[in-house]
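Q: From first to last, the protein sequence lines are chains C and A.
Sequential numbering from 0 applies to the first sequence in numbering that gives the first Met the number 0.
Sequential numbering from 0 applies to the second sequence in numbering that gives the first Met the number 0.
No lab work stands behind these hints: they were computed from the structure.
Check the hints yourself; a few may be wrong.
Treat identical chains as interchangeable: a pair holds within one or across any two.
[As the list claims (entries may be wrong)] For lysine-lysine, the following DSS-like pairs were computed, each having C-alpha atoms within a straight-line distance of at most 30 Å:
#1 240 <-> 26
#2 334 <-> 240
#3 374 <-> 385
#4 26 <-> 395
#5 334 <-> 222
#6 240 <-> 338
#7 240 <-> 336
#8 385 <-> 372
#9 53 <-> 271
#10 336 <-> 222
2 protein chains.
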Amino acid sequence: MDAVYPMGRENILMVPGPTNVPERVLKAMVRPLISHRGPEFRELYGRLLENLKKVFQTGGDVYPLTASGTGGVECALGNLVSPGEPVITVHFGLFGERMREAVVRLGGRPVEVASEWGEAPSLEQVKEALDLNPEARLITIVYNETSTGVAWRMLPELGRLARSRDKILVVDAVSALAGEPLPVDQWNIDVCVAGSQKCLACPPGLSLISVNERAYQALRENKHRLFYFDLEAHRRFAERKETPFTPAVPLFYALDEALQLLFEEGLENRIKRHAACAQAFYEAFDRVGLETISKGSLRSNTLIAVWNPPRVDGDEMRRMAKEGFGVVIGGGAGKLKGKSFRIGSMGMVSLREVSLTLRAVFESLKKLNFSFKEKPERVLEEVEGKLEEALRKLPKLRLS
Amino acid sequence: MDAVYPMGRENILMVPGPTNVPERVLKAMVRPLISHRGPEFRELYGRLLENLKKVFQTGGDVYPLTASGTGGVECALGNLVSPGEPVITVHFGLFGERMREAVVRLGGRPVEVASEWGEAPSLEQVKEALDLNPEARLITIVYNETSTGVAWRMLPELGRLARSRDKILVVDAVSALAGEPLPVDQWNIDVCVAGSQKCLACPPGLSLISVNERAYQALRENKHRLFYFDLEAHRRFAERKETPFTPAVPLFYALDEALQLLFEEGLENRIKRHAACAQAFYEAFDRVGLETISKGSLRSNTLIAVWNPPRVDGDEMRRMAKEGFGVVIGGGAGKLKGKSFRIGSMGMVSLREVSLTLRAVFESLKKLNFSFKEKPERVLEEVEGKLEEALRKLPKLRLS
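Produce the entire structure from the sequences given, and follow the hints as far as they go.
A: Take a look at the structure:
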């Protein structure tokens with residue numbers, strides 16, 4: 000697959016979202032506007048609702064919200080959390096802590112199941128919290144922690160546990176959907192939130208939220224609901240293929256096109272492509288002696304977080320990568336700011352992006368006197384060869 | 000001014016938003032994406048923050064939110080309303096009732112100052128409510144009621160009253176900004192909410208919210224704040240020209256371009272253009288015997304709401320206007336559904352749009368056997384002549 004970027008692009012974005020948006024998706028936004036109370040919109044929205052179900056692999060509903068990922072998280076929690084109620088909040092990084100904070104804002108009482116950043120809590124810890132707080136109705140967790148590059152791989156087990164205890168499982172999968180496996184129904188996830196600007200390679204501005212019947216029932220019992228983010232209103236209006244409030248029509252056009260592209264590739268293939276690209280980064284960094292924050296099976300398919308090497312200024316490295324190579328890399332998030340850098344390997348990433356990024360990182364680190372464990376040129380060549388091999392099995396895509 | 004529409008447009012949108020977006024604004028969305036934590040975004044956002052202050056005529060802050068107008072209203076109220084507190088809610092249509100409903104959802108206790116739809120409460124009614132509820136801190140009102148075409152023309156007086164009683168005045172000006180006079184500071188408005196997709200002629204998906212120091216102080220005292228819509232977080236991040244959460248970058252590009260276009264025209268001129276177009280509609284409808292919902296000085300510059308004539312199916316008229324003339328007109332809202340139609344005369348409206356719309360309405364009504372009080376051809380000719388004369392004094396615009 001060759002990457003084709005829109006006119007005028009100078010930099011490639013390897014930040015944790017927004018990601019590089021293919022030309023055909025960008026161009027879709029320029030279609031003339033339509034009334035969101037007319038037949039043209041109902042056709043578009045109806046198709047989006049059906050297609051999003053396929054991406055989430057759910058028989059429940061999935062709504063695109065005019066809001067970014069955090070708005071989607073607020074929607075999920077605002078519909079479900081009642082003042083005073085205990086909520087099991089599983090967290091191990093900045094975005095998990097944000098979910099916890101949103102619970103607090105809504106008047107909920109978080110029961111924290113936490114670990115150090117870069118690690119992840121065990122299922123046993125969740126069980127203990129549930130045992131000690133039988134009145135808790137909700138469990139919240141971030142699937143793929145964008146601050147540390149940790150993907151929590153026990154979601155299937157957590158889903159079974161939640162279902163067996165009759166709890167509602169709310170998953171922030173903003174940076175995971177279409178980059179990590181996520182069969183929402185099979186894994187017993189009741190509410191799942193994703194973003195448009197990550198692995199779907201759509202522009203930022205939309206959040207996607209899935210809701211099943213169990214979640215609808217739970218939120219109906221909750222009197223303290225939001226207005227703009229009211230999921231029952233979304234359900235009511237979706238019956239006639241409309242949104243309760245004015246939608247960001249150009250972004251809906253873009254999402255429609257991005258989903259077409261996703262189906263042309265195939266959801267499984269897209270996840271494989273993300274895994275292959277991430278694998279290339281991990282192998283390259285391991286071999287030259289750069290330490291990633293997440294280890295082993297916790298390593299994310301979509302976000303590679305790396306400790307700044309001793310005596311190397313990571314922010315300076317990022318500046319050099321951007322100015323010298325046009326590669327924009329993310330800085331550390333939250334308390335890892337100034338201590339790490341983050342590569343968002345999401346959306347339309349392929350050989351070109353991985354190669355350019357590795358070259359940019361290695362060349363910049365050379366100038367900053369990083370002492371490479373293995374010769375970077377050889378590592379790059381071998382990693383590129385393997386990635387090329389892996390990608391050869393995947394479909395070629397039409398991006399423009 | 001000649002209207003130039005983007006490629007492929009078939010219909011002109013005369014609904015209460017979204018409005019017709021000029022080609023140059025649509026095209027701005029196709030610029031390559033940028034990281035919202037990088038210098039390119041900070042330059043864009045810094046410019047937006049400054050330019051929005053000019054449009055709101057305020058020394059306070061104005062934030063573009065990734066959400067539509069109702070999201071902006073929820074932001075305003077969610078930051079300010081504490082559970083149990085009385086809130087003076089002035090309402091006279093669907094959108095005012097929505098503000099009231101949002102207050103209820105947030106746990107506030109609305110003190111209703113209401114009138115029949117199509118009319119408007121008096122300032123005296125507000126005073127009485129304030130006298131009876133001295134502990135109320137907030138007054139909410141919709142400036143331009145999109146469901147009835149009523150513009151509440153006593154905002155300056157209401158602002159003085161609110162300030163003299165030390166109340167916080169929250170105004171929903173979603174369909175008014177840049178179409179009706181709205182000097183936020185001069186009128187003592189503490190929080191003002193607008194939308195991107197109305198008179199600014201930008202695509203839908205952004206809400207704009209102004210906040211002054213009095214409002215910041217009031218919301219700091221409120222413990223029950225939202226997360227995604229947290230105005231203090233917006234203020235904190237704005238110091239370094241960033242948004243707290245991922246913004247809808249393509250819509251920010253579009254807004255930037257739409258504001259440039261607004262400044263080329265001049266805010267005063269844009270309001271004059273809206274007034275002239277609305278005047279043409281009102282004169283034409285009065286003369287042929289179509290009854291508008293709002294009367295006299297309550298008539299809005301941007302939304303013309305009309306009762307369906309006796310024995311005429313307004314929805315059928317709208318269908319004919321769309322199919323025969325490519326003119327999309329809005330239906331009645333809320334309890335006026337099936338009883339009225341609504342023309343959104345906002346954004347890039349000019350002679351062409353007004354003429355086409357009037358022609359579409361008149362020709363369709365002819366086929367539906369409406370009995371015209373005055374000959375529609377003559378009315379059309381004279382109204383067009385006057386509008387042309389009025390528009391001649393206004394600047395020509397570059398729309399593509």
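Q: All the hints need checking, so say for each whether the structure fits it.
A: Verification of the supplied hints:
1. 240 <-> 26: For residue 240 and residue 26, the Cα distance is within 30 Å both inside one copy (24 Å) and across copies (28 Å).
2. 334 <-> 240: For residue 334 and residue 240, only the inter-copy Cα distance (21 Å) is at most 30 Å; the intra-copy one is 43 Å.
3. 374 <-> 385: Classified as within: same-chain Cα gap 17 Å, cross-chain 78 Å, threshold 30 Å.
4. 26 <-> 395: For residue 26 and residue 395, both the intra-copy (20 Å) and inter-copy (28 Å) Cα distances are at most 30 Å.
5. 334 <-> 222: Classified as between: cross-chain Cα gap 25 Å, same-chain 36 Å, threshold 30 Å.
6. 240 <-> 338: Cα proximity of residue 240 and residue 338: across copies only (23 Å, versus 47 Å in one copy).
7. 240 <-> 336: Intra 43 Å, inter 18 Å, cutoff 30 Å: inter-copy only.
8. 385 <-> 372: Only inside one copy: residue 385 and residue 372 sit 20 Å apart there, 80 Å across copies, limit 30 Å.
9. 53 <-> 271: within (17 Å within a copy, 49 Å between copies)
10. 336 <-> 222: between (39 Å within a copy, 29 Å between copies)
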